[in-house]
Amino acid sequence: MSNAPEATRAVVTPLRVAIALCLVAPFVALLWVGSYARKDPALAGIPFFYWYQMLWVLVSAVLTMTAYRLWQRDRRTAGTSRAAGTSRAAGPASAATAEDGGAVK
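Under our numbering, the sequence shown is numbered contiguously, ending at residue 105.
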């Protein structure tokens, strides 16, 4: 028998699909230039072509933040389910993790 750790397979969950959609949406919206390559409607004298792209800068930031928060939630739930399945001794010298801000316990 081998002492090699088991390889874990990536699992597609609805949460991970939502993360992917948050990250892909800005690319699709901005690479489909034909959908916004026009002057009207203008907003405060700025043609649609420009303000649409600037709006997506803000929308992309919000979607990226949302994807990051969802990823954190996914990692926390994966960590708790993994910890429940295996017993791991956590002593004073336990390793720092990203979930606890890198603080050594």
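It should be emphasised that the hints constitute simulated quantities derived from the structure, not laboratory data. Don't take every hint at face value.
[Said to hold, decoys possible] Label pairs and their in silico Cβ distance ranges: (1) ALA42 with MET65: 40 to 48 Å; (2) ALA37 with LEU58: 14 to 22 Å; (3) LEU23 with ALA44: 17 to 25 Å; (4) TRP71 with LEU30: 46 to 54 Å; (5) THR13 with PHE48: 18 to 26 Å; (6) ALA37 with THR8: 22 to 30 Å; (7) LEU31 with ASP74: 39 to 47 Å.
[As the list claims (entries may be wrong)] Lysine to any residue pairs mimicking SDA-like chemistry, simulated, CA-CA at most 25 Å apart: (8) LYS39 with ALA25; (9) LYS39 with VAL28; (10) LYS39 with LEU55; (11) LYS39 with TYR50; (12) LYS39 with PHE49; (13) LYS39 with TRP51; (14) LYS39 with PRO14; (15) LYS39 with LEU21; (16) LYS39 with ALA18; (17) LYS39 with PRO26; (18) LYS39 with ARG16; (19) LYS39 with ALA20; (20) LYS39 with SER60; (21) LYS39 with TRP56; (22) LYS39 with GLN53; (23) LYS39 with VAL57; (24) LYS39 with ALA29.
Since we're looking at a predicted model, the values are computed, not measured. C-beta atoms are modelled at their ideal positions from N, C-alpha and C, and glycine is treated no differently.
List, from low to high, the hint numbers that the structure doesn't satisfy. 1, 3, 4, 5, 6, 7, 14, 15, 16, 18, 19
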